[in-house]
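Here's the letter readout for the chains.
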Amino acid sequence: MQKFLAVLKREYKKVVFTWAFLITTFLMPLIASVFVIVPMFIFSIEGDKTRIAIADKAGSISKRLQENLSPKRISEKARKAAKEQLTDLNASQEEKMKRNAEQLGGNFEFVPYNAETKSIEQIKKELNAQISEKKLDAYIIIPKDISAKDARFEYYSRKAGDFVINSTLQDALNEAVRSQRLADADISEEKLKELSRKVAFDVKPLTETGEIKEEGGSFWMAFIVAMLIYIVLAVYGQAIMSAIVEEKETRISEVLFSSAKPFELMMGKLVGVGLAGLTQLAIWIASVLILLSFGFVSAIMSGAEITLPKITASMVIYFFIFFLLGYFIYATIYALIGSMVTNMQEGGQFAFPPIMLLLIGLYFCFAVVRDPNSTFAFWVSIAPFFAPIVMPVRILSEIPPFWQIALAIIINLVAIIGLTWVASRVYRVGMLMYGKRATIPEVWKWIRQS
Amino acid sequence: MSENNVSLKVENVTKRYGDFTAVENLSFEIRAGRVFGFLGPNGAGKTTTIRMIVGITIPDEGKIRLFGSKITPQIRDRIGYLPEERGLYKKMKVQDQLRYFAALKGVSQKEADKRIDFWLDRMKLSEWKLKKTTDLSKGMSQKLQFISTMLHNPELLILDEPFSGLDPVNVEFMKEVIAEIKSQDKTIIFSTHLMETAEKLCDDILLINKSQKVLSGSLREIKASYGKNVISVRCEGGEEVLNDETLITNIIEHADEKELFLTEDADSQVVLKRLIGSGAKVTKFEMIEPSLNDIFIDNVKEK
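Here the protein sequences line up with chains W and Y, keeping their order.
If you count the first sequence from 1, position 221 lands on 221 in the working numbering, and the numbers rise without skipping.
If you count the second sequence from 1, position 258 lands on 258 in the working numbering, and the numbers rise without skipping.
Excised from the complex, chain Y in its bound form:
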């Protein structure tokens, strides 16, 4: 992986608050143009890590490099950050509010006005442009805040729980928008504890728990590495194969199919061959990929 392919590089970062270690010796890389799932239970250290990336706090140890350089004010203007704790000025008008956040990111007012119109239209909020923020519903203000993170056209977008508080229709709408942004070669860090959403959106994931890295890599590879030992089968007959303890350790019976847990060195192809050989009628034979949720729970529980 070449250096300019990497948007963000976190190296051996540790952050302590008094006796409490929020992040311990964390290292990872995010490749440009990918959606990176930053996963972990509440209190794992996600927000602390993100705060260090956006330069709100400084790591006690280790270093963070953004677009191949140290974090400087100029570099920070290339990040869009949607924090988990949403906040807008309640009494400000929608347009003024967006202008202000754009100005804080160094966008000229002329350019900002153009982008504000574009994004209000895209997020279906145009008619609210001159209204006060208090008049907006919760979902609308969330979309407004999302716009505020996009106005300076960031190359790296950090979304901390972007769907919380949105209704299902708006969640789908936001996913569409995020997919669109991804297609423009932007890097997206997507922090969540909702595995189902992460599973659908992310290319790569990093799972942290209790301040430490648990798992990282491409989502497909991780799932593949976890999925090789479980098979979903629907068949009639073949009991002697299923009862062979050298092949199968455990069976969970569902209504009309079975989940087979294979032994360490059993090969699924051998199981299929033996089943057919025994004269069983096989109507379904499928390798099961564990859901991200299972992997998450599995990893978090162990610790």
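Okay, chain W solo, but in the shape it has when bound:
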């Protein structure tokens, strides 16, 4: 036990006290928080206003255009557009959009200019003069007959490269002109809007018992969790393998085996690296929770409607349980491979099958998220090798009956015990075989013999 702890301590320190670990562990949340916080700052910075003159020869467009460019209208429009794409806007998206709109709308300053009696050449001359005096940044010339087929709307700007302003302006102008054309044709805008309104398509998820389920952004959470488990399992599995290959390649195993039992050594390594992985995940999850609360706090302050993704304590506990199950399954497989091969290159080739298993599990998640209660979802979420990725996703999408979760845990525990039994047998013979890769029949013999 004392020796097991010595191995565990070394392996844990070896992983945790490295720059790579510290950087990935602490920099990732930092980078993520930069992505949350920096945009908040950027959106709160007001840009220089674009002073614009509207040379409206038609006389009827200028007022509509100014109205369309008001912050209120832009924000309304953006919201409507987003609603058509997504069924449910989450709070932070909505918040961001609102800020965007305010900023865009607040960006225009209209310089009054009367153009009705002037020729185009005269307008250009006068306004260019204003621009050179730096009293104006841009102007737009609206032709007299806006309904003519060859009607051209010319926009002159010192900031012609600002595509955001350009497209906002273009949209607003389009709308203003269309409204005017409708008015000219005696069709009220309200009437047109009423006629061309889209149908309301409302998705209401049902639970198995037929009740309407509350949905709280768990869909994307499920994918993030699946990816996270996949990456961490692959990374730490490979770490185990390279640690074992190192000991074999440098023949350290010879000294180790004369000091402690192979089983103690192997388990010390697995548990030590596993705890390091757990440390990293815990830090990540804690920082995600902190970030979320920050993001939401600022959203609350600006008065947006909030829909918090529903993460319960039991979900977090299940997540860690299935992470540990997955870790021990894949780490044991990698340990087995590590003690069979002679160097890292060979190990790399053999690392493919477990990666394949992990990837298949990841792909199963897509199907499971679409239909978490199907027979297929049931079987893959309890199957060994797949359950550690699929079950947490299923739990997040829709929590399955407890007996299914328990069954998945038991099946995977049994798988771990079996794999450990096999791996420890291969480990204690393989680690002393130098210079030659073990063949499958040889490995089979080692397993049966000892």
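Hint data in this document are derived by calculation from the structure and do not stem from the laboratory.
Keep in mind it's a predicted model, so treat the numbers as computed, not measured.
Hints are not guaranteed to be accurate.
Stated by the list, open to error - Cut-off 27 angstroms, straight-line C-alpha distance, at most; resulting in silico cross-link-like pairs (DSS-like, lysine-lysine):
| # | chain 1 | residue 1 | chain 2 | residue 2 |
| --- | --- | --- | --- | --- |
| 1 | Y | K91 | W | K261 |
| 2 | Y | K210 | W | K436 |
| 3 | Y | K90 | W | K436 |
| 4 | Y | K90 | W | K261 |
| 5 | W | K261 | Y | K63 |
| 6 | W | K13 | Y | K110 |
| 7 | Y | K70 | W | K261 |
| 8 | Y | K91 | W | K436 |
Unchecked claim - From the derived model, a few chain W residues whose C-beta atoms are all more than 12 angstroms from chain Y:
| # | residue |
| --- | --- |
| 9 | Q2 |
| 10 | K3 |
| 11 | L5 |
| 12 | F17 |
| 13 | K57 |
| 14 | S60 |
| 15 | T250 |
| 16 | I252 |
| 17 | S253 |
| 18 | E254 |
| 19 | L265 |
| 20 | Q345 |
Even for Gly, the Cβ is constructed at its ideal location relative to N, Cα and C.
Position chain Y relative to chain W; hints supplied.
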């Protein structure tokens, strides 16, 4: 020989790997406080035997008793093993590395730190304490590995080719250290195929070849038993004695002396008497002990 005088007892040990027999019916004893030379050509079964002694593998037949008991984890902590294949964690600091190996042998960190300082100083590596192992030269890492086998103050030290890769200065230095350890009443198993070193260091030897014991016993006795029939002579005259085939079977002529190979039942004292009696002027007459190297080659070639 009483039981508590014996550090290690190997009885009729056999180890097979598939069809290949690595060690066959091997028996020997190592007395406490002696340097035991475990000799044999490459592939003779030395490493296999050592692995069974340190408990890495288990004999198929026969038994091994260490300090009068079966090999248990507690007993194993009294052995220090320096394998032929050296290995250290390259990225670990010297001190951390030594602490880890000490911990694996059940030494508390406080005690380990004291011994680490002592041994780093003794091996002239103190300034490397906080450096990474990769920064060390080959000779230095070998000394480091030697330290790692000494930290738990073992009673039985097994050194498998301890001098390979060391420069002559360091070989002499290591011999000094080994002599010092021997003077502290520790038992040392010294496995090598370099006979010259073994000859200088060992009290007892065991020679194995092709998985089997060839020769064993105290080095002095073995050499004496091999050396009685060759005499190195420097003399003028006495040809009729030298040509007497009842006394001498063969003569090898060197620059100014001769090596005489006596017949089975000839007595060296008779040869000397006859030489002097014949009026020859004898300036050198010496019994030649064969070198361990000769005995080794002689025994290994025969088989």
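Evaluation of the provided hints:
1. K91/Y x K261/W: holds (24 angstroms)
2. K210/Y x K436/W: holds (22 angstroms)
3. K90/Y x K436/W: holds (22 angstroms)
4. K90/Y x K261/W: holds (23 angstroms)
5. K261/W x K63/Y: Within the cut-off at roughly 20 angstroms; holds.
6. K13/W x K110/Y: Roughly 19 angstroms separates the two Cα atoms, so the pair holds.
7. K70/Y x K261/W: Given that 27 angstroms is the threshold and the Cα spacing comes to 16 angstroms, the pair holds.
8. K91/Y x K436/W: holds (25 angstroms)
9. Q2: The claim breaks: Q2/W does not keep its Cβ more than 12 angstroms from every Cβ of chain Y (closest is about 6 angstroms).
10. K3: violated (6 angstroms)
11. L5: violated (8 angstroms)
12. F17: violated (10 angstroms)
13. K57: holds (77 angstroms)
14. S60: holds (77 angstroms)
15. T250: The assertion about T250/W is violated, with a minimum of 4 angstroms to chain Y.
16. I252: violated (4 angstroms)
17. S253: violated (8 angstroms)
18. E254: Given that some Cβ of chain Y is not farther than 12 angstroms from that of E254/W, nearest at about 4 angstroms, it is violated.
19. L265: With a cut-off of 12 angstroms, L265/W comes too close to chain Y, as the shortest Cβ separation is near 9 angstroms.
20. Q345: holds (18 angstroms)
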